[in-house]
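Asker: Which chain is which? The protein sequence lines are A and B, in order.
All residue numbers for the first sequence refer to the working numbering, where the first residue is 1 and numbers rise by one.
All residue numbers for the second sequence refer to the working numbering, where the first residue is 1 and numbers rise by one.
FYI, nobody ran anything at the bench for these hints, they're computed from the structure.
Source: prediction; values computed, not measured.
Glycine included, every Cβ here is placed at the ideal spot set by N, Cα and C.
Some hints here could point you the wrong way.
What the hints assert, rightly or not - Listed below are the simulated DSS-like cross-link pairs for lysine-lysine, each with C-alpha atoms no more than 25 angstroms apart in a straight line:
id, chain 1, residue 1, chain 2, residue 2
1, B, Lys144, A, Lys392
2, A, Lys130, A, Lys320
3, B, Lys144, B, Lys178
4, B, Lys82, A, Lys485
5, A, Lys357, A, Lys130
6, A, Lys177, A, Lys245
7, A, Lys177, A, Lys297
8, A, Lys329, A, Lys130
9, A, Lys487, B, Lys82
10, A, Lys392, B, Lys82
11, A, Lys487, B, Lys219
12, A, Lys245, A, Lys227
13, A, Lys320, A, Lys392
To be verified - If we take Cβ atoms under 10 angstroms as the criterion, some of the chain A residues that face chain B in the derived model are:
id, residue
14, Arg83
15, Arg390
16, Val399
17, Phe402
18, Lys487
19, Val488
Said to hold, decoys possible - Quick list of the computed label-pair ranges, beta carbon to beta carbon:
id, chain 1, residue 1, chain 2, residue 2, range
20, A, Gly403, B, Gly195, 29 to 35 angstroms
21, A, Glu490, B, Lys82, 16 to 22 angstroms
22, A, Glu490, B, Glu10, 19 to 25 angstroms
23, B, Lys144, A, Tyr23, 52 to 58 angstroms
24, A, Gly56, B, Gly147, 32 to 38 angstroms
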Amino acid sequence: MPPEAASFMGGGPDLSLLQLAVYAVLGLLLVIFILTLMGIGTLPIFFTALLGLQLGLGAAQNLPDPIGKWSKVGGLVFRNMRRNLLRTALVYVALFVLTGMLTLIYTFVTSLVKLTADKEGQQLVILTEKHSIPSQMPPGHERRLRELLRELDPADRPADLDANIMTWSFIGGSTEKGKPTPQNSLFFFALSPEAITSGMMAEQGLNPEDLGSTNWEELLRVVEVVKEDKRHVVIGEDRLKIMNKRVGDTITVYSTNYPGVSFECIIVGAFPAGGRMGGAAAMRYDYLLSLLDEYEKANGKKHPNADRCLNLVWVRMPSKAAYEKLAGKVNNNTAFTPAAKLETFSAIVGAFTEGLKDILWGMKYIVMPAIVCIMCLVVGITITIGVRERWKEMAVMKVLGFGPGQVMSTVVAEAVLIGLFGGMLATWSMWGGVALVSGWAKGAGGGAAFFASLKVPVEVLWMGPALGLFIGLVGSALPSWSARKVKVSEVFSQVA
Amino acid sequence: MAIVEVTDLEKTFNADSPDPVRVLEDLNLEVEEGEFVALMGPSGSGKTTLLNLIAGLDSPTRGTIRVGDQVISGMSESELAKWRTRNVGFVFQFYNLLPVLTAAENVELPLLLLPMTGAERKQRVRNALEIVGLGDRMSHRPGKLSGGQCQRVGIARAIVTDPTIVVCDEPTGALDAKSADNALNLLEQLRADLGKTIIMVTHDPHAAERAQRIVHLEKGRIVPGDERLRLASTRR
Ligand SMILES: Nc1ncnc2c1ncn2[C@@H]1O[C@H](COP(=O)(O)OP(=O)(O)O)[C@@H](O)[C@H]1O
Ligand SMILES: [Mg+2]
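Between the sequences and the hints, there should be enough to build the whole structure, so can you do that?
Answerer: And the structure:
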């Protein structure tokens, strides 16, 4: 849905800051809970992998030296990890949960950044009224924009203009005149049916990938039906359910933002539930225009909103340079009265997400580093405890002639192993889990459309293990350094 | 020629601090090859400090220490570590076995640092454990062994590298009378049958009795004249 639409819908549910905080905390707890379950669930994999590595090392002990020799020392690492199974398991789960949270935040941050980043290729640009929010323009603005587009070099404009331009008008209304309630109200986008077939509404979830091919085919069929009669409308399944209506019903919608105008609607199709259009509805733009004409004929004067019935125009431009040329023609052009402005979609989303900027910054530079620090601490504390426990043993190894580096690496290896597996299994299972859910949702279509669009960036697959490695190294740095410095003579000195 | 020769030894802890602790001074000592020497003295007299220095766990403040044909005073820490592996076998009061390793693996540990085939290592471990009478406990962890058995594993670990000297700091300190006796028998046997050179710190006169020679230490010096030679023990 275009961001501006929100201002027509009364801004959505009114949440107080306190409520928001409560929801955020509850959400966080839920996430931690689920991640903890996943961490515990993957423990068998973790221990099986450790066992596998240990068995591999065990087999390697029979190989010629130095492999055979050092795999015996390496075997010590695994035995030490198994010595306190509960502690090893707890650290693993802690690292799993923290890595999982990092993955979620990373996914959130990258998808927002991607949304606001200007794509080099095609540009979705938006014409709105310059000085007023919400934007309300006369229908002529669309024709003027088309004229300006035709003035551009062929390379700077879409080859097929009709397939790359769409208008948006927002109509609120209810089925009971003057008595709108949440149950009888609905919100229409008035647009041309071609906007769906040309893919201009792909971002709204109306595309074969998000809908699944069956639903997409059905939508294309419905669009053909809509073209048959101006009064044909499509309503989201979620909205239909709330209104207790079904496809085939006829309803009269008394507009709230076009007083005195009522729409005779025949519901000929439904947008899938759960999708971005599930709660909305769409009608033909020319139906709105014709009703406004009829109003003028019947009342002898123009409808007060007749010159304010075009809210947005979207155009897909071939490049950023082309957009800039068009913007140059539109901005400060007196042919547009009231004045209009042309912006890229990402700029508008950027403005929309401006409020999120602080949160985004905080996530990137405070929350994420803080989580990494906590992970280092968790590893550091655990390894320190382990080193304290084995202080004497490490001293004995040094007495026997093992070098400080060799003693130290048994400590580092332990931390790195836990970190590596924690990071790997957390990111891999989250990526895999989300991919699985999304794959299932694509097959299921309908209400699952939201899940179908979920995706964890693929780069977490190597970032997770790399982070684990890093955490293991950093977390064990201090304890292993102290392990290095175990004084051998202290072993004897402790004698009574 | 003596196998251990300590000349004009001085050890001062915290030498550069305002209150240095001089633990050993003007100390001279010789140990012959194949000799079993007991170091006795009151607590705090510097026995452990002297043993640490001879075993290459610490470096003297002054003086020289020669073991075999090598002067170890003046070696760097890493040189000492390498030297220890080949030349010193350690027996500790509290055994100091790694609990996660089996008896055989504990004994094998120092061998991992020496160039040796796996088969050779296995053979040596078996030999050492058979010498201490634990040939049938190879795959037991320390937790499954008695204190006396642990100490015998400790002794096996000390001799498995065939070191120049075996050093023991209160080896019977944690053992009951019977186990202590067994351990001492074993040490005597090592000397008698295998010609090992053994230096043992103890404050137990009964344990010291089993050595060929007792060196008394008091306030960092060897008590002269009190040093006495004893006939090689014939007890087995
Ligand atoms: N690392 C050290 N730093 C300072 N003083 C030490 C250190 N090690 C031992 N000492 C001191 O040296 C003296 C002799 O210690 P030690 O050789 O352990 O005695 P013994 O083994 O005969 O009981 C003691 O007074 C002890 O406090
Ligand atoms: Mg002592």
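Asker: Work down the list of hints and note, for each, if the structure agrees.
Answerer: Hints, verified against the model:
Annotation: proposed proximity of Lys144 (chain B) to Lys392 (chain A) holds, straight-line Cα distance about 20 angstroms (limit 25 angstroms). For a cut-off of 25 angstroms, the pair hint linking Lys130 (chain A) to Lys320 (chain A) stands: about 21 angstroms separates their Cα positions. With a C-alpha separation of about 19 angstroms, the suggested pairing of Lys144 (chain B) with Lys178 (chain B) holds against the 25 angstroms cut-off. Among the hinted pairs, Lys82 (chain B) with Lys485 (chain A) is consistent with the structure: their alpha-carbon atoms are about 17 angstroms apart, no more than 25 angstroms.
Simply put, Lys357 (chain A) and Lys130 (chain A) have alpha-carbon atoms about 24 angstroms apart, close enough for the 25 angstroms limit, and the pair holds. At most 25 angstroms may separate the alpha-carbon atoms for a hinted pair to count; Lys177 (chain A) and Lys245 (chain A) meet this at roughly 17 angstroms. Only pairs whose Cα atoms come within 25 angstroms are accepted, and Lys177 (chain A) paired with Lys297 (chain A) is accepted, the gap being roughly 22 angstroms. Proximity of Lys329 (chain A) to Lys130 (chain A) is assessed by CA-CA distance (about 14 angstroms); at most 25 angstroms being required, the pair is judged to hold.
Our distance criterion of 25 angstroms between C-alpha atoms is met by Lys487 (chain A) and Lys82 (chain B), whose separation comes to about 16 angstroms. Between Lys392 (chain A) and Lys82 (chain B) the CA atoms are separated by roughly 20 angstroms; this keeps the pair inside 25 angstroms, and the hint holds. Note on Lys487 (chain A) and Lys219 (chain B): the hinted pairing holds, with a Cα-Cα distance of about 24 angstroms set against a maximum of 25 angstroms. Distance hint between Lys245 (chain A) and Lys227 (chain A) is fulfilled; the C-alpha atoms sit about 22 angstroms from each other, no more than 25 angstroms.
Restraint check: the Cα-Cα separation between Lys320 (chain A) and Lys392 (chain A) comes to about 68 angstroms, which exceeds 25 angstroms; the hinted pair is violated. At its closest, the beta carbon of Arg83 (chain A) sits 6 angstroms from a beta carbon of chain B; the interface hint therefore holds under the 10 angstroms criterion. Because the smallest distance between the Cβ of Arg390 (chain A) and any Cβ of chain B comes to about 9 angstroms, under 10 angstroms, the interface hint for this residue holds. For the restraint placing Val399 (chain A) at the interface with chain B, the shortest Cβ-Cβ distance is roughly 6 angstroms, inside the 10 angstroms limit, so the hint holds.
The interface hint given for Phe402 (chain A) holds, since its Cβ lies 7 angstroms from the closest Cβ of chain B, which is under the 10 angstroms cut-off. At a threshold of 10 angstroms, the smallest CB-CB gap from Lys487 (chain A) to chain B is about 8 angstroms, leaving the interface hint in force. Hint status for Val488 (chain A) relative to chain B: holds, with the closest Cβ pair at about 5 angstroms, below 10 angstroms. Taking 29 to 35 angstroms as the suggested C-beta distance range, the pair Gly403 (chain A) and Gly195 (chain B) conforms, at roughly 31 angstroms.
Between Glu490 (chain A) and Lys82 (chain B) the Cβ separation comes to about 20 angstroms, which falls inside the hinted range of 16 to 22 angstroms. Evaluation of the 19 to 25 angstroms hint for Glu490 (chain A) and Glu10 (chain B) yields a pass: the beta carbon distance comes to about 21 angstroms. For Lys144 (chain B) paired with Tyr23 (chain A), a C-beta distance near 56 angstroms keeps the hint of 52 to 58 angstroms intact. A C-beta distance of roughly 36 angstroms is found between Gly56 (chain A) and Gly147 (chain B), which places it inside the suggested range of 32 to 38 angstroms.
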